[in-house]
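In order, the protein sequences belong to chains A and B. Positions 1 to 224 (our numbering) are the ones given, in order, by the first sequence. Positions 1001 to 1443 (our numbering) are the ones given, in order, by the second sequence.
What the hints contain is simulated information worked out from the structure, not anything from laboratory work. Some hints could be false.
No farther apart than 30 Å at their CA atoms in a straight line, the calculated lysine-lysine pairs in the DSS-like style are these [what the hints assert, rightly or not]:
id	chain 1	residue 1	chain 2	residue 2
1	A	Lys168	A	Lys61
2	B	Lys1221	B	Lys1299
3	B	Lys1351	B	Lys1218
4	A	Lys168	B	Lys1289
5	A	Lys91	A	Lys187
6	B	Lys1289	B	Lys1142
7	B	Lys1289	A	Lys187
8	B	Lys1218	A	Lys166
9	B	Lys1142	B	Lys1349
10	A	Lys91	A	Lys61
11	B	Lys1158	B	Lys1221
12	B	Lys1241	B	Lys1218
13	A	Lys61	B	Lys1299
14	B	Lys1221	B	Lys1289
15	B	Lys1299	A	Lys166
16	B	Lys1299	A	Lys168
17	B	Lys1218	B	Lys1142
18	B	Lys1329	B	Lys1349
19	A	Lys187	B	Lys1218
20	B	Lys1241	B	Lys1329
21	B	Lys1351	A	Lys168
22	B	Lys1289	B	Lys1299
23	B	Lys1432	B	Lys1221
24	B	Lys1218	B	Lys1329
25	A	Lys166	B	Lys1289
26	A	Lys166	B	Lys1221
27	B	Lys1351	A	Lys91
28	B	Lys1158	B	Lys1142
29	B	Lys1349	B	Lys1299
30	B	Lys1241	B	Lys1221
31	A	Lys61	B	Lys1289
32	B	Lys1241	B	Lys1351
33	A	Lys187	A	Lys61
Below, each chain spelled out in residue letters.
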Amino acid sequence: MYSSRRCYLLLAAGLLAAGCNSARATEAGYFGYGSVATAAQIAGWDIDARGEDGAGLPPGKGTVDRGADVYAEQCAACHGTFGEGEGRFPKLVGGVGSLRDERPEPTVGSYWPFAPTLWDYINRAMPMPAPHTLSADDVYALTAYILNLNDAVPNEFVADRDSLPKVKMRNRDSFIWTDPRPDTMAKPCMSGCADPGDIRIMSTAEGRDLTPRTTGPLDTMQPK
Amino acid sequence: MWPQGEENVRHNPLRSKAVLSDLASADAPLGRRRFLTLGAALTGSLALGGKPAIADPAPEAPPADAPWSQSIGAGVVDRPYGRPADTEASVIRRNVPWLTASAESSVSFSPLQELHGIITPNGLFFERHHAGRPDIDPAQHKLMIHGLVERPLLLTMKDILRFPQITRIHFIECPANGGMNWRAAQMNSLQFSHGMISCAEWTGVRLSTLLEETGVRKEAKWAMVEGADGAHMNRSLPLDKCLDDCLVVYAQNGEALRPEQGYPLRLVVPGWEGNVNIKWLRRIKLGDKPWHSREETSKYTDLMPDGTSRGFTWLIDAKSVITFPCPEKPLDGPGLYEIRGLAWTGNGKVKRVDVSMDGGVNWQSARPHEPVLSKALTKFTLPWRWDGRPALLASRVIDETGYVQPTIAQLRQQRGSNSVYHNNSIQTWQVKPDGSVFNVQLA
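Using the sequences provided together with the hints, build the complete structure.
Following this line, the structure appears as structure tokens:
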């Protein structure tokens, strides 16, 4: 059951502030289901590296040159020899200065705010057909190579747990991390809300050949 | 007797002559033996794979028994799980083949034009995968909770099922729903313009219950939630939200989660953008700062007209759409219709929905249908006598915080058109005199 001492500690910690009044509030281990995860078990799945400070990056290192070799073997088929992207697979390079354009190109070089995020993403999700199969060294090497393709690091750069968090990404200071919405404060007008003469259609989906069919078998409409 | 003669009978495999004569001579109640004979006859005719012949009755013909009214139907467990009628075969999730590089990292859309309630059937719930749908053995699936906890835990599915149960109805919407209409009206379809939303009854355990079981260390402010799919899909969530209303669920509309919805275990983050509702949930790690994973930096951030970007915009703002009429469901001549639609908000409950038939000059309040639940789809209807003249139909939701769904023009003033995500603007359907309906955007 819930002890008053426990309540005091939790409140002091500023957590579960409503906990003491809640019938659900329990001590850690109250149910006793499952098993306490051992250090070895945690290590097996504890793969994350944080973007901003690189916390969680493992030992190991990789050069730009080594990265070029791994990239040619593991990545180029989809992302293109120089990160230009094949088909509709993502570009990894380019788009610098395009973010205010009508057709912005967000890439690692033009958009990504944190270099360790690149290590983390390659490590957890790439290559797409065989994710999380590369060694930490190869992931470091790929990270170095892709950063170098984007002129974010020099040719002699060696990626490791110390160097990656120090890489200053071009777009790093362009993000705000608190949600400023609501964007609009419209009032719910009910009648005569606009001059009927001002109501005009600015765009229509009629006649555009973009919509797959919604009856019969699945559409196999080809890329435009 | 069937008025159109013997021919129709022969074409109906459920009414083979042997079965009919058997039935005709059955003065006495059918005994077990007769049932067995009948069963064999029916099975035999079904195995031939013929379809029941459905003759088009002449318009002047009086109502008469159809073949299915003069034959015996399929028995129980003919379809042990069950499936929709064969004639509903078009009601399926659909994708836009040109939109994504591969089906494994892609999205499918719910056929909202064919749905009539606030609950999405499990087979029609929209899909979004980042590395395809894994087929997971629940006996091997585990949830690990670690990091800034007092007692790191490893839970099997059996363990998770023992915790106190909770059931809630919530929508999940991909923040890119409507993304293809940011620049202009592009998709002439309700399914493809709004189909990345679905709503289900979810059953599982409160995330707060699991975090009370592990204990939370005082430095913890964030949680990283991660899936067991190939993408190891992960997002950061503020601890406050985790302790507020997040659910770790194993059931959807009363049955086990579908594999494409995260079987055997997923997170539900009520009212927040779809991709934080991590599917195939295997790990929750508490920390003092957010992770800034690829899926919350490179993707799922909102690019603004000045070139800056917003991150951690989790909330689904209030949104609504008319589901009838719509491009897939045009009008059939002038007369009295019921306009139908759906409204929702991540901020809580829908307070009111207004409908305009003239492109937003005048509005009338529609009737919201019970139940009106927090962070769930709400259905609304409004009778409308269509005179056959051109109309511009639109719906506008007001949520319990007083927030009013904006027009696309109002939203673009703030957000430009490069956002990709969080387009919650009013949808306008243009109705032409022939009853056809088109997706349009107004000045």
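Taking the hints in turn, this is what the structure says about them:
| no. | hint | in the structure |
| --- | --- | --- |
| 1 | A/Lys168 with A/Lys61 | holds (18 Å) |
| 2 | B/Lys1221 with B/Lys1299 | holds (23 Å) |
| 3 | B/Lys1351 with B/Lys1218 | violated (38 Å) |
| 4 | A/Lys168 with B/Lys1289 | holds (19 Å) |
| 5 | A/Lys91 with A/Lys187 | violated (42 Å) |
| 6 | B/Lys1289 with B/Lys1142 | holds (25 Å) |
| 7 | B/Lys1289 with A/Lys187 | violated (38 Å) |
| 8 | B/Lys1218 with A/Lys166 | holds (29 Å) |
| 9 | B/Lys1142 with B/Lys1349 | violated (34 Å) |
| 10 | A/Lys91 with A/Lys61 | holds (25 Å) |
| 11 | B/Lys1158 with B/Lys1221 | holds (29 Å) |
| 12 | B/Lys1241 with B/Lys1218 | holds (16 Å) |
| 13 | A/Lys61 with B/Lys1299 | holds (27 Å) |
| 14 | B/Lys1221 with B/Lys1289 | holds (7 Å) |
| 15 | B/Lys1299 with A/Lys166 | holds (22 Å) |
| 16 | B/Lys1299 with A/Lys168 | holds (19 Å) |
| 17 | B/Lys1218 with B/Lys1142 | holds (26 Å) |
| 18 | B/Lys1329 with B/Lys1349 | holds (28 Å) |
| 19 | A/Lys187 with B/Lys1218 | violated (43 Å) |
| 20 | B/Lys1241 with B/Lys1329 | violated (39 Å) |
| 21 | B/Lys1351 with A/Lys168 | violated (47 Å) |
| 22 | B/Lys1289 with B/Lys1299 | holds (19 Å) |
| 23 | B/Lys1432 with B/Lys1221 | violated (54 Å) |
| 24 | B/Lys1218 with B/Lys1329 | violated (55 Å) |
| 25 | A/Lys166 with B/Lys1289 | holds (18 Å) |
| 26 | A/Lys166 with B/Lys1221 | holds (24 Å) |
| 27 | B/Lys1351 with A/Lys91 | violated (44 Å) |
| 28 | B/Lys1158 with B/Lys1142 | holds (10 Å) |
| 29 | B/Lys1349 with B/Lys1299 | holds (28 Å) |
| 30 | B/Lys1241 with B/Lys1221 | holds (10 Å) |
| 31 | A/Lys61 with B/Lys1289 | holds (25 Å) |
| 32 | B/Lys1241 with B/Lys1351 | holds (23 Å) |
| 33 | A/Lys187 with A/Lys61 | violated (57 Å) |
Comparing the model with each numbered hint stated earlier shows that hints 3, 5, 7, 9, 19, 20, 21, 23, 24, 27, 33 do not hold.
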